[in-house]
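J.: Okay, here's what each chain looks like letter by letter:
There are 2 protein chains.
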Amino acid sequence: MKYCSSCGARVSQVIPAGDNRPRYVCERCATVHYENPRVVVGCVPEYQGQILLCKRAIEPRLGFWTVPAGFLENGETLADGAKRECFEEANAHVEIGSLLAIIDVTYAQQVHILYRARLLTPEYGAGTESLEVQLFDAAHIPWHDMAFRSVEFGLRRYLADRAALREDLHCESLYPLSA
Amino acid sequence: MKYCSSCGARVSQVIPAGDNRPRYVCERCATVHYENPRVVVGCVPEYQGQILLCKRAIEPRLGFWTVPAGFLENGETLADGAKRECFEEANAHVEIGSLLAIIDVTYAQQVHILYRARLLTPEYGAGTESLEVQLFDAAHIPWHDMAFRSVEFGLRRYLADRAALREDLHCESLYPLSA
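Here the protein sequences line up with chains A and B, keeping their order.
To convert, note that position 136 of the first sequence is 146 in our numbering; the numbers rise steadily by one, no gaps.
To convert, note that position 26 of the second sequence is 36 in our numbering; the numbers rise steadily by one, no gaps.
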């Protein structure tokens, strides 16, 4: 951030009075521009025991596999966001089920929230952000080509719970991997 | 938003190619400035059966009661954010417990995430954003002076669960009240 979105003047990083963190503050109008984590919502869509995954057509992690997920939009609920992302990325209609995972992705300034979901019909296809979309048996999930650690975490918990006839909520915090 | 935070030129609201919502886009450098919901984290701190509440010293809802809560910051986990807010608003050290509630506050572009918490010692006081901080018996909670519907929702579920010896997670979506 270099300029104030309110008045167009330069911003600089200072700790405002009464605050304890550096913020971008406008040098002219003094507006404080806060930056906060964003919410990524997604789901694990299941159809007759198989899981629907998308191969990413965009960076980051182009060419790797993920569950349908993306940024929550203003004005929508978490469940509605997960449903919308599934339709946009996989052209698939799902019924959103129970909460599967809440994952702090501290290094990306994101919170990932994943739901269980039921694919209503075996109809799907690649949205503009996907190269391909495919149903996988649990035994054939491409674990070595997963796009994100949060997605791998959620998928593994999903399958373990399913095998145990459970539907737990799994909370996890991810930190940067050491080099 | 009137100006581009990257280059300082004017922005206008347009639907970018491949998108389906109006976004603020820079008229000079074409940067798209997305706006997404923010996460509010908080907790219900309990000490020997009593609940710690804060009377707000700032708008919105100045003078009304709330649980300690505030915006999640970049780089912190949800639980750490809830703990930090409790210290900042109530000068109180808590141990964060189980997830209590996840509330879509669609009209405020927020997601509220509340935890159960245990006040470690009966030491607390008003932080800069609080007029006063007080421990309440369940029977004396100021329901008619609650700051936010999400807080009332969380508190009521907290007390009902406690009476039933449960610790459930409660998910809710709040919409604007009709006039």
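Because the hints were derived from the structure by calculation, they are not lab data.
Here the structure is a predicted model, which is why all the values come from computation and not from measurement.
We put the beta carbon where it would ideally sit given N, CA and C, even for glycine.
Some clues are possibly wrong.
Among the chain A residues that face chain B by a calculated CB cut under 8 Å, a handful are [as the list claims (entries may be wrong)]:
#	residue
1	M11
2	C17
3	R48
4	G85
5	E86
6	T131
Heads up, simulated EDC-like pairs for lysine to aspartate or glutamate below, C-alpha to C-alpha not over 20 Å straight-line [as the list claims (entries may be wrong)]:
#	chain 1	residue 1	chain 2	residue 2
7	B	K12	A	E37
8	B	K65	B	E133
9	A	K12	A	E56
10	A	K65	A	E162
11	A	K12	B	E37
12	B	K12	B	E56
13	A	K65	A	E133
14	B	K65	B	E162
15	B	K12	A	E162
16	A	K12	B	E45
J.: Each of the hints needs a verdict: does it hold here or not?
T.: Verification of the supplied hints:
no., hint, in the structure
1, M11, "5 Å, holds"
2, C17, "7 Å, holds"
3, R48, "5 Å, holds"
4, G85, "5 Å, holds"
5, E86, "7 Å, holds"
6, T131, "23 Å, violated"
7, K12/B - E37/A, "16 Å, holds"
8, K65/B - E133/B, "17 Å, holds"
9, K12/A - E56/A, "45 Å, violated"
10, K65/A - E162/A, "14 Å, holds"
11, K12/A - E37/B, "16 Å, holds"
12, K12/B - E56/B, "45 Å, violated"
13, K65/A - E133/A, "17 Å, holds"
14, K65/B - E162/B, "14 Å, holds"
15, K12/B - E162/A, "40 Å, violated"
16, K12/A - E45/B, "17 Å, holds"
The structure fails to meet hints 6, 9, 12 and 15 from the earlier list, while all remaining hints are met.
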